[in-house]
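Asker: Construct the entire structure; sequences and hints are all you get.
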Amino acid sequence: MKRNSVKIRAAAPKDSGLLAPMNHRLIRDSGHRNPMNIDQLTRRMRRWLKGEYKGCVFEMDGKTVGYCVYRKEEDFLYVRQLYIERAYRRKGLGLEVVKIMRKTIWKNYPLLRMDVLVRNRPGVHFWRAAGFKDYCLTLESVN
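The sequence shown finishes on residue 143 if you use my numbering, and the numbering steps up by one all the way, no holes.
In case anyone wonders, no lab produced these hints; they're calculated from the structure. Computed from a predicted structure; not experimentally measured. One or more of the hints may lead you astray.
Listed next, the in silico DSSO-like pairs over lysine-lysine satisfying Cα-Cα at most 27 Å (straight line) [as the list claims (entries may be wrong)]: (1) 107 - 63; (2) 14 - 133; (3) 63 - 14.
Answerer: The following block contains the structure:
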């Protein structure tokens, strides 16, 4: 059975309560240290979407299956977060979303950048499969 195609709509500040729990799962799935709870993430998402970030919500078969937030920089477009719900992963949906975004919403930005945690091997693999190449490695030392 063929799945219906994904629909992409613009995210608005009012979507912050929808996006924050997915952001919380993204933080956990990627191994990020961010300790924020869902209320804090909701406030941050609302501030982002009212400010410098734009967002998209991904829907399929009447369900929200993911989201993305990004912002324009001087020379590139920075993809801050892209999340696909766990039940929809490893089925090509993420790659389909990136392909659609590049052909439509991001079409005027030939250079895209994003950060992926080094230990987030599934994330690194996904972005490389989407055509991204290693650019820099950020190192840190914690006392």
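Asker: Measure nothing beyond the straight line between the CA atoms of residue 14 and residue 133; if it is 27 Å or shorter, mark the hint as holding.
Answerer: 34 Å, violated
Asker: Can the restraint linking residue 107 and residue 63 be considered satisfied, given a maximum Cα separation of 27 Å?
Answerer: 26 Å, holds
Asker: CA of residue 63 to CA of residue 14, is that 27 Å or under?
Answerer: Holds, at roughly 17 Å.
In summary, the structure is inconsistent with hint 2 from the numbered list given earlier, while agreeing with all the others.
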